[in-house]
Amino acid sequence: MSPGPSVVPLPYSPDQVEQHLGADWSSVMLSAYRWMVLGRTLDARMQALQRQGRVGFYGAATGHEAVNVAAGLATRPEDWIVPGLREQLSALVRGHSLETYTHHLFADDRDPARGRNMPCHPTAREVHYVSMSSVIGTQIPHAVGLAFALRSRSDAGVALAFFGDGATSANDFHAALNFAGDLRLPVLFCCANNQWAISVPVSRQTAAPSLASKATAYGFAGTRVDGTDFVAVYGHLRSALAEIRAGHGPFLLEFVVYRMTPHSSSDDPKRYQPPTWNDEAAAHDPVTRLESWLVTNHLLPADERARVFTEAEASVRAAIEAAEGTPPPNPGSLTEDVYSPHVSAASSGVP
Amino acid sequence: MTELTLVQAVNRGLQEAMRADSDVLVLGEDVGVNGGVFRATEGLFKEFGAERVIDTPLSETGIVGTAIGMALYGLKPIAEIQFLDFIYPAFDQIVSELAKFRYRSGGQYPCHVVIRTPYGGGIRGGLYHSQSTEAYFCHTPGLKVVVPSTPADAKGLLLTAVHDEDPVLFLEPKRIYRSVTGEVPEGDVRVPFGVARTVREGTDVSLYAYGAMVPPTVEAAETLAADGISAEVIDLRSLVPLDEAAVIASVEKTGRAVVVHEAARFCGYGGEIAALLAEKAFYSLKAPIARVTGYDTPFPYALENLYLPNAQTIAHAARATARAT
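Residue numbers (our numbering), protein chains in the order written: chain G, 1 to 351; chain B, 1 to 325.
There may be inaccurate statements among the hints.
As the list claims (entries may be wrong) - One side of the interface only, derived from the structure: several residues of chain G facing chain B at Cβ under 8 Å:
# : residue
1 : Val-130
2 : Asp-172
3 : Ser-315
Said to hold, decoys possible - Partial list, derived from the structure: chain G residues whose beta carbon lies under 8 Å from chain B:
#  : residue
4  : Asn-117
5  : Thr-123
6  : Ser-133
7  : Val-135
8  : His-142
9  : Ala-143
10 : Val-144
11 : Gly-145
12 : Phe-148
13 : Asn-171
14 : Phe-179
15 : Pro-331
16 : Asp-337
17 : Val-338
Hints listed in this document are in silico derivations from the structure and should not be mistaken for laboratory results. Glycine residues also receive a C-beta, built at the ideal position from the N, C-alpha and C atoms.
Could you put together the complete structure from these sequences and hints?
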């Protein structure tokens, strides 16, 4: 995790950072760093546990941390996060407990969703984090409906819809952006473009010059942002949210990031990624980019950096220890939380 | 009581539900200024305005997906899909999202959504304005599926749907939107889900039908009566949940069963009724269960009268079933 010579530096003076982040810029950056390290630590530990067969599945967000943490920090409690695939860290930043999330990863009896969804598909209504399916793009119209509801009740808040580059080709992307533009709703569309839809590169996803440019077709603006530059991500989120709160309708942000892991624990990117990819991704590692800037600007002394890592390791370890001893969901929960009038023992062939 | 057509009863139900609860709203194609292509939402735009009667862009997945998002926040949207035949762009939203949200979220996100849609043939609508594909949706756990056949049931079932915190697919038999009239109670009189209606009592054979198949089934029962065969007609009204007790009780009385639907036969809803009777009323049966259904072909334009069950084909099957030894 120490910044190597190949890391692309964040090109800001402290004054410029203040312009993007506001008066409390240094505490925002340090808080962001701690969360990003936590996310990175969790990903590393859980991928190892998946390899050991201790959790069934894991989808890492390594490389997406700047986007996820900035979304957690730049939003307000009244905002809503409609996740796409890799935004779990946003839920944690917004206050969802790491221990509860880890119960979800272990799909155990203390998972609030009773182990029904695959790992990395948490539900956290207490922080306005919506439940996700594994279907690509279907969540985007949900943010439109949430935004409509916010406006119709005259409630403050913005709905943030997250999705990947692949989802911009799906039906629901078009339907949702079109509805949001037509109804002028308070929605922020956030595309986490990690440049790969499993094995298909974004260059094969569309002939459009950028994913952000697609907003034009729906009557609003879109901007492409370096999603590995925390300062840029936070600054663009902050200004887009302010515009939307002022009633100026929807906006699309495309965050270009580098997927630094396989698509999921079931994927082997050596089959399709060029050999240069890992080096290119490492040069754009959002954690080391931020860390390097903090070190260079004397905001992260060595002992503080060590403490951030120690604390992240300790909290992840404690959450795993709590979860791993928890029994699986009660069999009775199979038929709860769904209307199932005709369920009977006969469903499983038991007379 | 007021004498209304079936589509007027739907309209009345929507109006009363919207007056009673400001969280109830309507969205869909042509539902606003135009009042819906069948006029089911007539007058609502004028009374409730564009924020509660929303003319959406033309996208069924957008309509249902947006309705889901509204419901996640706590609104009670009623989405109109102009024809059941056009619902498939929203199929993913319905089966992957709407039906599963409450389950996958451990109850944190119920989806209080009603989807209303006209279905069925007999209006010279051809392949894409005539289909009866309820079985796709009945097969998806998490959805409720109801089909009225009278104006009173149209309003009463709709009010129950609007007050149900789970998603409901409300199928409207457009063939009898205006051909059936009846007394409809004023006010919040709800018809519960999962309760079949005995339209006509009988002792020799049980005829099960729903939606637009109820009138020809009743007509068939009248024909059979002239032949000395006493047919019982059960209007299922609610496909999910199914009133299993009523279905079984009728066959325990008659020993003979005919299931009628206009949908194609193979893997149709009639198969579920037949399976239920085979599992739970086998020893009451005196004859094989018969099905009178649409053909296992796409829905035809010119030959729709041949395709659809009618009083003659229903009576023919019922007579054979009643006399089988």
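Tested hints:
1. For G:Val-130, the interface hint holds, the least distance from its beta-carbon to any beta-carbon of chain B being 6 Å, beneath 8 Å.
2. A least Cβ separation of about 6 Å between G:Asp-172 and chain B falls short of the 8 Å threshold, and the interface hint therefore holds.
3. Taking 8 Å as the C-beta cut-off, the interface hint given for G:Ser-315 is violated, the closest approach to chain B being about 24 Å.
4. Interface hint status for G:Asn-117: upheld, as the beta-carbon distance to the closest one in chain B is roughly 5 Å, under 8 Å.
5. Proximity of G:Thr-123 to chain B holds as hinted, the smallest CB-CB distance being about 4 Å (cut-off 8 Å).
6. At about 5 Å, the closest approach between the beta carbon of G:Ser-133 and any beta carbon in chain B falls short of 8 Å, and the interface hint on this residue holds.
7. The closest approach between the C-beta of G:Val-135 and any C-beta of chain B is roughly 5 Å, which is under the 8 Å cut-off, so the hint is satisfied.
8. At a threshold of 8 Å, the smallest CB-CB gap from G:His-142 to chain B is about 4 Å, leaving the interface hint in force.
9. Annotation: interface hint on G:Ala-143 holds; nearest CB of chain B at approximately 6 Å, less than 8 Å.
10. Hint status for G:Val-144 relative to chain B: holds, with the closest Cβ pair at about 5 Å, below 8 Å.
11. Using the Cβ-Cβ criterion of 8 Å, the hint placing G:Gly-145 at the interface with chain B is satisfied: the shortest such distance is roughly 2 Å.
12. Annotation: G:Phe-148 was flagged as interfacial toward chain B, and the flag holds, the nearest CB pair being 6 Å apart, inside 8 Å.
13. The restraint placing G:Asn-171 at the interface with chain B holds, with a minimum CB-CB distance near 6 Å, inside the 8 Å limit.
14. Because the smallest distance between the Cβ of G:Phe-179 and any Cβ of chain B comes to about 5 Å, under 8 Å, the interface hint for this residue holds.
15. Checking G:Pro-331 against chain B: minimum C-beta separation of about 15 Å lies over 8 Å; hint violated.
16. Contact between G:Asp-337 and chain B, as hinted, is supported at the beta carbon level, the nearest pair being about 4 Å apart and thus within 8 Å.
17. Restraint check, G:Val-338 versus chain B: the minimum CB separation of about 4 Å is within 8 Å; hint holds.
Violated hints, in rising order: 3, 15; the structure is consistent with all others.
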